[in-house]
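S.K.: Each chain is listed here by its residues.
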Amino acid sequence: MKQGIYRILKNEEAAPGMYRMLLQGDTSAFRRGGQFVDIAVNGFFLRRPIAVREWDSGSFDIFYKVIGKGTAELCRMECGSTLDVLTGLGNGFDPGRCVRSALVVCGGIGSSPAFSLVKELVAEGKKVTVILGFNKAAEVVLFDEYRRLGVDLHLVTLDGSAGLKGLVTDAIRELNPEYDYFYTCGPKVMMKAVCELLDGPGEASLEERMGCGCGICYGCTCHTVSGPKRVCADGPVFKKEEIIW
Amino acid sequence: MVTEVNLCGVSLKNPVVPASGTFGFGLEMAPVYDINVLGGISLKGTTREARFGNECPRIAECPDGMINSVGLQNPGIDVLVGKKLPALREVFGGAVIANISGFSIDEYVECCARAAEAPETDIIEVNVSCPNVHGGGMAFGTSAGAVSEVTSAVKGVCGGKPVFIKLSPNVTDITEMARACEDAGADGVTLINTILGMRIDIRTRKPVVANRYGGFSGRAVFPVALRMVNQVRHACSLPIMGCGGVSCAEDVLEMMMAGATAVQVGAENLRNPFVCKEIVENLPDAMSRLGIEDINSIIGIV
Chain A
331 MKQGIYRILK NEEAAPGMYR MLLQGDTSAF RRGGQFVDIA VNGFFLRRPI AVREWDSGSF
391 DIFYKVIGKG TAELCRMECG STLDVLTGLG NGFDPGRCVR SALVVCGGIG SSPAFSLVKE
451 LVAEGKKVTV ILGFNKAAEV VLFDEYRRLG VDLHLVTLDG SAGLKGLVTD AIRELNPEYD
511 YFYTCGPKVM MKAVCELLDG PGEASLEERM GCGCGICYGC TCHTVSGPKR VCADGPVFKK
571 EEIIW
Chain B
20 MVTEVNLCGV SLKNPVVPAS GTFGFGLEMA PVYDINVLGG ISLKGTTREA RFGNECPRIA
80 ECPDGMINSV GLQNPGIDVL VGKKLPALRE VFGGAVIANI SGFSIDEYVE CCARAAEAPE
140 TDIIEVNVSC PNVHGGGMAF GTSAGAVSEV TSAVKGVCGG KPVFIKLSPN VTDITEMARA
200 CEDAGADGVT LINTILGMRI DIRTRKPVVA NRYGGFSGRA VFPVALRMVN QVRHACSLPI
260 MGCGGVSCAE DVLEMMMAGA TAVQVGAENL RNPFVCKEIV ENLPDAMSRL GIEDINSIIG
320 IV
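Line order of the protein sequences matches chains A and B.
To convert, take the position in the first sequence, counting from 1, and add 330; that gives the working numbering.
To convert, take the position in the second sequence, counting from 1, and add 19; that gives the working numbering.
Do not rely on the hints blindly, as some may be mistaken.
No farther apart than 25 Å at their CA atoms in a straight line, the calculated lysine-lysine pairs in the DSS-like style are these [as the list claims (entries may be wrong)]:
1. A:466 with A:559
2. A:495 with A:395
3. B:225 with A:518
4. A:395 with B:225
5. A:522 with A:332
6. B:174 with A:399
7. A:399 with A:449
8. B:102 with A:559
9. A:569 with A:495
10. A:332 with B:296
If you are wondering where the hints come from, they were derived from the structure by calculation, not from laboratory data.
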């Protein structure tokens, strides 16, 4: 974990109610896709934990949904202004658990934290099938970015306005993709359904309302088969067999 | 310049102590910064058995503060004594404050005895003020009779180590509780724990925290904490660890002027995990700006 001041390079609406923010500063605390940052928003007591999509040596970007007053304030921040950010939080996905072929199943904004994982899997020469699920065509984000990674990419929307019609689990049944390890990130109900449908091993990125974001307050604890775990510090990514939904 | 303070014979190189529940068992932060800058650490509240605590959500945002309803999640006294304390002592030379809670007098007695027997423990802090558990914690801290009973029961089993009783602000008269502690043989008091509060999500029409109510803390409670510390200072002669809404070196000095010998920093750790280190670093400058040569000279001067 590192604390730093980051300059906003971009803060733009990527889909209705969903924003992409590009921040410039020290990225040396990032180790894995699926980690998150904790952003201090002016006028609010607690920081806002948001997953990182991608980073390079001098910047990183996040996708966030405007849900409450804190994220509403965040989306009004102007380019050139700065934010106090804790970086490199959480464990992130483990690309090493996949041997040859991975299945990555994302729902909505869950497409963001899985992006660096997929990039890493591709760089390691693994075959990757990605299924992105959204409610409707207007909410689709990151499809082109995933396509540029050259993965076997499938789009699903609930109303059929883009790609296959239905749920990500419908797409999994239809495609029956080959994989030895799966990764999933999205709404809890979706990840639970994915974990129950898939027989093979995998991991899911959980979400919980957080206090500190760095493991000292025990505000975001979840149940696992090996006892209580802190989503922020022991997770947010947990192995399928560990999670008690 | 003197920043060292003395709590019942235990020397703290400075009065800054992260409060229980906001700094884990100290070990979590050891890789992040040199925790030896701290005067002491009050560890996560511990009970006899391991506890999951309350279901999530356990956290709610508030203006200048927050609500938590963690509910005493902890690995139990065996793990505290067998693992956490020895591991902390390997990396931390300051005052180790074991924070104990319970659901019966027997449980308080057993856990305090076990914590006090551990050579790593310098001070026992008895939490009779957790607002997030039913039938324990605050149930013992809101009646002078129960506070007195817990205090005298645990004092006898702590082998002479200082016993601080952590008091709840959710009472009509906190001085009555502090005097009960003093009469029952406590060595000091810590105050305040969190103030019982609530937030409602107006979209779902449900409480934000799953446990309905939770403990309110953060900068907003500082004036309340300060007032209570000052009242207790004038009502009894016990040393005080002041706690509640402290966020900077100036707050530490203000809390000491109100009557605290040491000052705990709580919720602020959750928004800035480096804040205790920053306060310690800023303290000498803040003192010199105010012409304070020895920090002990300001304790309770108001």
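S.K.: State for each hint whether it applies.
M.R.: Structure-based check of all given hints:
no.	hint	result
1	A:466 with A:559	violated, 34 Å
2	A:495 with A:395	holds, 23 Å
3	B:225 with A:518	holds, 20 Å
4	A:395 with B:225	holds, 22 Å
5	A:522 with A:332	violated, 32 Å
6	B:174 with A:399	violated, 48 Å
7	A:399 with A:449	violated, 33 Å
8	B:102 with A:559	holds, 17 Å
9	A:569 with A:495	violated, 29 Å
10	A:332 with B:296	holds, 14 Å
Checked against the numbered hints above, the structure breaks hints 1, 5, 6, 7, 9 and satisfies the rest.
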